[in-house]
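Enquirer: One line per chain: the protein sequences are A and B, in this order.
Count along the first sequence from 1, add 9, and you get the number used in the numbering used here.
Count along the second sequence from 1, add 1023, and you get the number used in the numbering used here.
Don't read these hints as lab results, they were simulated from the structure.
Note that CB positions come from ideal geometry on N, CA and C, so glycine has one too.
A couple of the hints might just be wrong.
Claimed, not checked - To give a feel for the contact side, a few chain B residues facing chain A, derived at Cβ under 10 Å:
hint: 1; residue: V1043
hint: 2; residue: L1050
hint: 3; residue: A1061
hint: 4; residue: L1064
hint: 5; residue: K1066
hint: 6; residue: S1068
hint: 7; residue: Y1076
hint: 8; residue: E1079
hint: 9; residue: G1090
To be verified - Using 30 Å as the maximum straight-line C-alpha spacing, the simulated DSS-like pairs for lysine-lysine come out as follows:
hint: 10; chain 1: B; residue 1: K1147; chain 2: A; residue 2: K122
hint: 11; chain 1: B; residue 1: K1147; chain 2: A; residue 2: K116
hint: 12; chain 1: B; residue 1: K1151; chain 2: B; residue 2: K1111
hint: 13; chain 1: B; residue 1: K1109; chain 2: A; residue 2: K122
hint: 14; chain 1: A; residue 1: K45; chain 2: B; residue 2: K1066
hint: 15; chain 1: B; residue 1: K1111; chain 2: B; residue 2: K1092
hint: 16; chain 1: B; residue 1: K1151; chain 2: B; residue 2: K1109
hint: 17; chain 1: B; residue 1: K1151; chain 2: A; residue 2: K122
hint: 18; chain 1: B; residue 1: K1111; chain 2: A; residue 2: K116
hint: 19; chain 1: B; residue 1: K1092; chain 2: A; residue 2: K122
hint: 20; chain 1: B; residue 1: K1111; chain 2: A; residue 2: K122
hint: 21; chain 1: B; residue 1: K1111; chain 2: B; residue 2: K1147
hint: 22; chain 1: B; residue 1: K1092; chain 2: A; residue 2: K116
hint: 23; chain 1: A; residue 1: K122; chain 2: B; residue 2: K1066
The lines below spell out each chain.
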Amino acid sequence: MSWDERGLSLLEILVASVILGVALLGFTSSLQFIEKTHTVRERQLEAQGYARETLESLLLSTRDYNATELTDGNHTSKNTEDPDLTLPSNIGLQGASRFYTVTAYDKDGVTGKRIDVTFSWNEGGETRQEQLRGFLLNPT
Amino acid sequence: MRNTKLKETRGAALVTVVVVIIAVAMLVAAGLNFVTGASSLSKESLDGVRAMYLAEAGLQRALHEIGTKDDPATEEEEPLEWEFLKDKIRITIVASSGDPNLYDVTSTVLVGRAERMSTATIRKQGGKAVMTGWSL
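Between the sequences and the hints, there should be enough to build the whole structure, so can you do that?
Expert: Written out as structure tokens, the structure is:
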């Protein structure tokens, strides 16, 4: 066996190890990205479900347009009236809360109320939000 | 003889690593592709719900149009475009054949890549508009 042949084997193993190491790092970060994307989307869907629940109850056609819960401004209190803004205790999202804002709409002769429901939660030290918007026409 | 055997086995480590990397890279690429697709579907689903409520808002606007205008029907191929904040809602109002006070309304909204449409039948009666049928 010549020295040339011996050296090549060792060099190959070193090169191979480096390539494998770099590739593994790349794969690991790809897998982390996959997991993070999946988690974020799942939580967004869950959050939207809670926002939807509130908006649905506010848009009910039978609701009185001048009802207290449809007055202009932020509605953040955990009131006991419908829509109840409290959340189930076993909710999977950290620091979750929901509120809605009613804003008077008056443009081009159209008057009504814009309703923005916001659901927020904490994720990795960041506050995330999911928002839904609806509209109620002034019936008069 | 010994040298020949060594020569035959030379390069095995590098070749094996390259083959393994290619195989794993293909698996990861497939996984990424799947997750990206699933994520895109979830995004579309989220946007779809937003679009649905905006399309409902369009029906409310149609109630206003029918309730306040003598001839609320929109021109063919020219729907009423309502800029509701940053979203654009396209509303078509078509007079129903046979009943001059009945209108078929379609409200369409595009949010992201998700398009949603709400339809309703609205009747004009006594200077007011009343929704008689509604579907998503």
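Enquirer: With reference to the structure, classify each hint as holding or not holding.
Expert: Verification of the hints:
1. V1043: Check passed: Cβ of V1043 of chain B comes within 7 Å of chain A, closer than 10 Å.
2. L1050: holds (9 Å)
3. A1061: Hint holds; A1061 of chain B Cβ to chain A Cβ min 7 Å, cut 10 Å.
4. L1064: holds (9 Å)
5. K1066: holds (7 Å)
6. S1068: Because about 7 Å separates S1068 of chain B from the closest Cβ in chain A, which is inside the 10 Å limit, the hint holds.
7. Y1076: Holds: closest Cβ of chain A sits about 5 Å from Y1076 of chain B, inside 10 Å.
8. E1079: Nearest chain A Cβ about 7 Å off; hint holds.
9. G1090: holds (9 Å)
10. B:K1147 with A:K122: holds (22 Å)
11. B:K1147 with A:K116: Holds: K1147 of chain B and K116 of chain A sit about 22 Å apart, inside 30 Å.
12. B:K1151 with B:K1111: holds (25 Å)
13. B:K1109 with A:K122: holds (16 Å)
14. A:K45 with B:K1066: holds (14 Å)
15. B:K1111 with B:K1092: holds (21 Å)
16. B:K1151 with B:K1109: holds (29 Å)
17. B:K1151 with A:K122: Cα-Cα ~19 Å, so holds.
18. B:K1111 with A:K116: holds (14 Å)
19. B:K1092 with A:K122: With Cα atoms ~21 Å apart, K1092 of chain B and K122 of chain A stay inside 30 Å; holds.
20. B:K1111 with A:K122: holds (17 Å)
21. B:K1111 with B:K1147: holds (25 Å)
22. B:K1092 with A:K116: holds (16 Å)
23. A:K122 with B:K1066: Roughly 27 Å separates the two Cα atoms, so the pair holds.
In summary, the structure agrees with every hint in the numbered list given earlier.
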